[in-house]
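Undergrad: In case you want the letters, here they are:
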Amino acid sequence: MGHRRHWPLSLFLLIEIISILMPLFILIVWSLSGRWPWPDLAPEALSLRGIQSLLGGRFDILQVMFSSTGFSLVVAVLATIIGTMAARAIVFYDFRGKKLISFGSILPIIVPGTVLGMGIHVVFIYLGLSDTYLGVLLVHLICALPYTVAIMADITRAVGNKLEIQAQVLGVPVGKAFSHVTLPQLLPGILSSLSMAYIISFSQYFLTLLIGGGSVKTLAVVMVPLIYGGDRTIASAYALLFTLSSLIVFGLFELAGKKMK
Amino acid sequence: MKSRPLLLLTPMLLLGALFLLGIGNALVQSFGYIPAFHLTDFTLRYYEEIFEKPALLDSVVVSLEISIVSSVLATVLGVALCAALVYTGNVRGKTLQVVKLPILIPHTVVALFVIMVLSQGGLLARTLYALGLLNSQKDFPAILYSSSNLGIIIAYIWKETPFIAYFVLATMSSVDSTLGEAAENLGASEVRSFSQITLPLSMPAVTKAFLIVFAYSFGAYELPFLLGATLPKALPVQAYIEYIHPDLLHRPYAMAMNGLMLVVTLLMYGFFYGLARKGDKGIGESGHGT
Chain A
2 MGHRRHWPLS
12 LFLLIEIISI
22 LMPLFILIVW
32 SLSGRWPWPD
42 LAPEALSLRG
52 IQSLLGGRFD
62 ILQVMFSSTG
72 FSLVVAVLAT
82 IIGTMAARAI
92 VFYDFRGKKL
102 ISFGSILPII
112 VPGTVLGMGI
122 HVVFIYLGLS
132 DTYLGVLLVH
142 LICALPYTVA
152 IMADITRAVG
162 NKLEIQAQVL
172 GVPVGKAFSH
182 VTLPQLLPGI
192 LSSLSMAYII
202 SFSQYFLTLL
212 IGGGSVKTLA
222 VVMVPLIYGG
232 DRTIASAYAL
242 LFTLSSLIVF
252 GLFELAGKKM
262 K
Chain B
15 MKSRPLLLLT
25 PMLLLGALFL
35 LGIGNALVQS
45 FGYIPAFHLT
55 DFTLRYYEEI
65 FEKPALLDSV
75 VVSLEISIVS
85 SVLATVLGVA
95 LCAALVYTGN
105 VRGKTLQVVK
115 LPILIPHTVV
125 ALFVIMVLSQ
135 GGLLARTLYA
145 LGLLNSQKDF
155 PAILYSSSNL
165 GIIIAYIWKE
175 TPFIAYFVLA
185 TMSSVDSTLG
195 EAAENLGASE
205 VRSFSQITLP
215 LSMPAVTKAF
225 LIVFAYSFGA
235 YELPFLLGAT
245 LPKALPVQAY
255 IEYIHPDLLH
265 RPYAMAMNGL
275 MLVVTLLMYG
285 FFYGLARKGD
295 KGIGESGHGT
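Heads up: the sequence lines are chains A and B, in that order.
Residues 2 to 262 in the numbering used here are what the first sequence spells out, letter by letter.
Residues 15 to 304 in the numbering used here are what the second sequence spells out, letter by letter.
There's no promise every hint is true.
[What the hints assert, rightly or not] Pairs of lysine to aspartate or glutamate, EDC-like flavour, derived with a Cα cap of 16 Å:
| hint | chain 1 | residue 1 | chain 2 | residue 2 |
| --- | --- | --- | --- | --- |
| 1 | B | 114 | A | 255 |
| 2 | A | 218 | A | 41 |
| 3 | A | 177 | A | 165 |
| 4 | B | 108 | A | 255 |
Derived by calculation from the structure, the hints in this document are not laboratory data.
Note that the structure is a prediction, hence the values are computed from the model and not measured.
Okay, chain A solo, but in the shape it has when bound:
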């Protein structure tokens, strides 16, 4: 292990870290500022006005936050189950069209959201799925699957199925062999698949707005008009809540991953 020292690279890393953390810091300060007129570099006074607006606004924002979190968790769990199943098929079996499926599984990342959104919106209007939670759920699943399939295929390949087959040879039923032998080994992949799908669903704005009409109120859809509504202090408080609520759930997934090691 020759640990090498590279001051230009360290400097670059430092600049990158500052440029990542600085806007977050500014966001926090702005959400706590009372007045911050040009050209001051610091706010004139601090105030809890922004934080209070989260509790007493037009929307019951905290309720939207919880229901939105729940919705994205459902997306994450379903996308991970479907991804795990597809990954097993792709890794352990040979069948016709396998190449086509692995080529096609990435397409929702490549195809622009507006193409998917407007095309599927018209289909959903015919099927009665527009303006419904089910419709939004289906679209979020389509967006999350390329990631969950790729993550689960990697770990499924790494874990293999030798032990599972051995258990089956020794007489363990197929389902039990999977749940007792393979599943525990897949857990790290399952956690990163869950958090990836969660973030994709939770931060989705355009597709939720289009497919959900006004009826599906996720935090992203409710937030955007509030964030870009004018008052910077209140906008910052909302953006801070939005950011924190996505980071907290992601952090919990990471924590669960660490606990298992």
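Given the structure of chain A, go ahead and fit chain B onto it with the hints provided.
TA: Frame of chain A, contents of chain B only:
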């Protein structure tokens, strides 16, 4: 048990069918076939008009400019960031957690960051004013809502640079810790082992990451909607305006713009998929998928 893989794939295939139905529908409508609106002739007219109307052609140029500039710069910076993480021994731990943050922050919030820092009343303008480099708010160049689209590009770079670094990290660190260090032990300089061994062997991951970032920034609605100029608008924003236009005869224009975006991203994908298959397996089988 021949039906087993089919059974496992069924849910994904059903969603895939829905996906293809949506795309197919967009394409059919882009050729002017919408029986519900009494449009029943297949025609290339709407595509032709995109290239004939200067305002629409400008949208194409704007979108290409945003996506090419931001994804090339983000890729270069992202690879440098990845190398910085690998060579300073930060492949895991707190530093990496910070670097991952922008991946988790929604684009709709990133737009606010850019406004807070780079608008004419933003902190950069205030800092320059405090240093005496700026006489008034008005002297600060318009970065946001301007036809240069600089605000959008900067927002994408902020968000995508860490994405590229994180996407390439597993590949680069494993190549470096095996072949890269071996080359150095055999007397190659670090710069040489990086440029001739570690970087070339990491290229399949780099091209995949570039492709994802390019396709996203070319077709995404949020940032151009929140930070873009009134005119010309980026393709996804213009397409949505046509889509929700009260005059339903605008629908085929929206879909033709979508068709054009689809062609551009699929061509890129086909090109890179062809490239990737020479040296590596498909994208679905890549190292990691953030």
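Undergrad: Hint by hint, say whether it matches the structure.
TA: To see whether the hints hold, each was checked on the structure:
1. 114/B to 255/A: holds, 12 Å
2. 218/A to 41/A: violated, 37 Å
3. 177/A to 165/A: Distance ~9 Å between residue 177/A and residue 165/A Cα, so the pair holds.
4. 108/B to 255/A: holds, 13 Å
Of the hints listed earlier, the one the structure fails to meet is number 2.
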